[in-house]
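Heads up: the protein sequence lines correspond to chains A, B, C, D, E and F, in order.
Take the first sequence: its position 64, counting from 1, is numbered 64 in the working numbering, and each next residue is one higher.
Take the second sequence: its position 129, counting from 1, is numbered 129 in the working numbering, and each next residue is one higher.
Take the third sequence: its position 90, counting from 1, is numbered 90 in the working numbering, and each next residue is one higher.
Take the fourth sequence: its position 45, counting from 1, is numbered 45 in the working numbering, and each next residue is one higher.
Take the fifth sequence: its position 86, counting from 1, is numbered 86 in the working numbering, and each next residue is one higher.
Take the sixth sequence: its position 34, counting from 1, is numbered 34 in the working numbering, and each next residue is one higher.
Just so you know, the hints here were simulated from the structure itself, not pulled from any lab data.
Just so you know, not all the hints are guaranteed correct.
Given that identical chains are not distinguished, each listed pair holds provided it fits within a single copy or across any two copies.
Only pairs whose alpha carbons sit at most 20 angstroms apart, straight line, appear in this in silico EDC-like list of lysine to aspartate or glutamate [said to hold, decoys possible]:
| no. | residue 1 | residue 2 |
| --- | --- | --- |
| 1 | Lys21 | Glu78 |
| 2 | Lys21 | Glu130 |
| 3 | Lys21 | Glu73 |
| 4 | Lys115 | Glu143 |
| 5 | Lys37 | Glu130 |
| 6 | Lys37 | Glu143 |
| 7 | Lys115 | Glu130 |
| 8 | Lys21 | Asp118 |
| 9 | Lys115 | Glu78 |
There are 6 protein chains.
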Amino acid sequence: MLDISRKHSTLRIAVAEATLKLAATTMALIQQGRVPKGNPLEVAKVAAIQAAKGASQLIPYCHPLPIQFVGVEFALQERAIRITATVKAIHQTGVEMEALTAVAVAGLTIYDMVKAVDRGVVIGNIRLIEKRGGRSGAWIRPE
Amino acid sequence: MLDISRKHSTLRIAVAEATLKLAATTMALIQQGRVPKGNPLEVAKVAAIQAAKGASQLIPYCHPLPIQFVGVEFALQERAIRITATVKAIHQTGVEMEALTAVAVAGLTIYDMVKAVDRGVVIGNIRLIEKRGGRSGAWIRPE
Amino acid sequence: MLDISRKHSTLRIAVAEATLKLAATTMALIQQGRVPKGNPLEVAKVAAIQAAKGASQLIPYCHPLPIQFVGVEFALQERAIRITATVKAIHQTGVEMEALTAVAVAGLTIYDMVKAVDRGVVIGNIRLIEKRGGRSGAWIRPE
Amino acid sequence: MLDISRKHSTLRIAVAEATLKLAATTMALIQQGRVPKGNPLEVAKVAAIQAAKGASQLIPYCHPLPIQFVGVEFALQERAIRITATVKAIHQTGVEMEALTAVAVAGLTIYDMVKAVDRGVVIGNIRLIEKRGGRSGAWIRPE
Amino acid sequence: MLDISRKHSTLRIAVAEATLKLAATTMALIQQGRVPKGNPLEVAKVAAIQAAKGASQLIPYCHPLPIQFVGVEFALQERAIRITATVKAIHQTGVEMEALTAVAVAGLTIYDMVKAVDRGVVIGNIRLIEKRGGRSGAWIRPE
Amino acid sequence: MLDISRKHSTLRIAVAEATLKLAATTMALIQQGRVPKGNPLEVAKVAAIQAAKGASQLIPYCHPLPIQFVGVEFALQERAIRITATVKAIHQTGVEMEALTAVAVAGLTIYDMVKAVDRGVVIGNIRLIEKRGGRSGAWIRPE
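Please model the entire structure based on the sequences and the hints provided.
In structure tokens form, the structure reads like this:
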């Protein structure tokens, strides 16, 4: 781990996204609440929050930090679900990895809940959208 | 969790893939062994193995199972790294989620190690390639 | 841990219960879907499943075992929620602790989600209802 | 998780309780140090401390925080054990969930150690007794 | 991880040892039950059992397996504590790492509980004593 | 846990060491990069970092704290590997246990990777070398 002992503690915010591609019939099952194991979006939200809090246990060079906010949102499209996670903490290091871990685990959880009917699901486009706070200042992904 | 008590324990194999898109300069740093924190591929391999073993702790409806083999490989391309994970276990349920979790966490770990120089990295195309064993038999992703 | 190496692997089932006592106004919030952080029952179900899978990490003399099924149900009463968890596994040891851990963590999760409006919630009556499988045979709690 | 970035870090204290009801013969075994696996109270104390430190991993909307003190005490009665946990931390959020998780896991651990002789044990009355620190000030459970 | 899918499941036993060297005054505190935080041997035993169950989460190439028995014993000498752990499981792989992890964590736990009075404690001689089961048969450390 | 609420948060540094004794032939395998499962030193470094971050989950009376730096180094000798770990954090409590846990887990990981060829490996001399920060000031192990 890099030494962060001389950095300042400030409010850090990170927003990450992922996109899940599913069959139209799978999207219909989700939207009609007919996935046998429950509502994949509700379950994925909980899994994503837990994964954000545990990111440093998954990713070796990720610093442990007491995160303060994790928001997870889903935008349903015809054959895709866009997952967005926002993470906040007051700390010396950023929270990008927490936000990226949240969207990845949300995607894996939805995959797991629909895989019996749609083995071809693809999780893609896991990326940082925005980052605020810290010495390097704000970063917003260029279009 | 679905009830699996009537399923047979057989050898289960799953192969999953992910693709990391990086800047050409970042690929050069990795290939020349000049990433400051160490070799991202070595670290990502360890993180992926640990994540595969812990998949059921991340993914709510994923059954815990004693996995027997996790293999992680990296194919370096000009501006991309293709990550492949193979998981095996003798169990009543498949090991897809373990293989998918492995490639996702490998991707997140590489991201984390190069993010100081390349904030635009994208992890994509996380998907199952092949699956063997179990009542439903073999499945190979169509081209 | 007791030595279990001479016991037989058979299907083990355990059912446990807990009762959460809440204010009538809190019950109304839950039933009307107006708890600010989300649906406490959906979140509690996920937390309970994860806790059942991790019971051996919480309880020192609890054996780790690959559980196969966790079912969590909620019965809403006027000022109470009855939580029931059913756990199944084919193993040499029983799954009582997994079922009891599930209902306890479900109760703690609901508590956490309503504590801002109802600090007086009490979790009670955590107990085994039924147990099947193993040398000692079936046990059903006497009325 | 609720956004806590505007709250102040102050000393937070929470006290929680639970009551375990056991058969008189089981109480005698505990008091005479004749439980085969060891002293349930010593083991339960360690499990409770570990559970308090890990509460945010069990309870989805519970914030991770660096707790500073966990005290666990047992009051033995004729057919019951009253478990009390006190937790302290300097943080922006309270430590109620840590104290409640501690008493719940202490209860589950004692249950696990005596279940071979007393399957009818009931864990009840898990509740917050007192809470200090934070904007909302002190709260003491009314008699 | 090596592929173990062709190995047989048999009863595996491993015995490991470690030796903690402490000041004579620290040994006296332990023997007289005057260590402020509690009985280090009781706490170390619980920590060792939990660590044995979680060895695969600590050690990357260690297979997860449902262990069935962990025994931890302490032999008090004038200025040393000899820690012995015995682990059993019916599995395709051995349980050496579980036994070694148990004695290492027992040693670290005792260290932690006496470090305020004896900073010079040394944990040494962590080694396998005996191993039974599996294709390679029994192994006993030569004198 | 001792109450630390009146202590000051300052930069804490701890350095710990362990020594692994191996057969000369095993040392040769490591130095020539011919250990079948990979480079034990690379894997051990990752395992040590993860273990340092998770020390409070292993050791009951160890406080959780957001560590900021873990450095792990290996000095290869003819029949031994000396492992050194340095840990830093700004906190009210020291980071000795994190450094000691790191070297112990590094040693166990190397052991695990060479045990198929060298069952006689011994991990010894796990000890604190140096400690800085906090009310008690600096401590350096006397020669």
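Up to 20 angstroms CA-CA - Glu143 versus Lys115, copy category: Classified as between: cross-chain Cα gap 19 angstroms, same-chain 32 angstroms, threshold 20 angstroms.
20 angstroms Cα threshold - placement of Glu130 relative to Lys115: Between copies only: 13 angstroms across chains, 31 angstroms inside a chain, cut-off 20 angstroms.
Up to 20 angstroms CA-CA - Glu130 versus Lys21, copy category: between (23 angstroms within a copy, 18 angstroms between copies)
Same-copy or cross-copy closeness of Lys37 to Glu130 [CA-CA at most 20 angstroms]: neither (34 angstroms within a copy, 24 angstroms between copies)
Intra/inter-copy verdict for Lys21 and Asp118 if alpha-carbon distance must be at most 20 angstroms: within (10 angstroms within a copy, 26 angstroms between copies)
Intra- versus inter-copy proximity for Glu73 and Lys21 (alpha-carbon distance at most 20 angstroms): This pair counts as within: shortest intra-copy Cα distance 16 angstroms, inter-copy 25 angstroms.
Homo-oligomer pair classification [Glu143, Lys37; C-alpha up to 20 angstroms]: Neither: 38 angstroms inside a copy, 30 angstroms across copies.
Identical-chain pair category, Lys21 with Glu78, by Cα at 20 angstroms: For Lys21 and Glu78, the Cα distance is within 20 angstroms only inside one copy (9 angstroms; across copies 26 angstroms).
Alpha-carbon proximity context of Lys115 and Glu78, limit 20 angstroms: within (18 angstroms within a copy, 32 angstroms between copies)
In this structure, the earlier hints numbered 5, 6 are contradicted, and the remaining ones agree with it.
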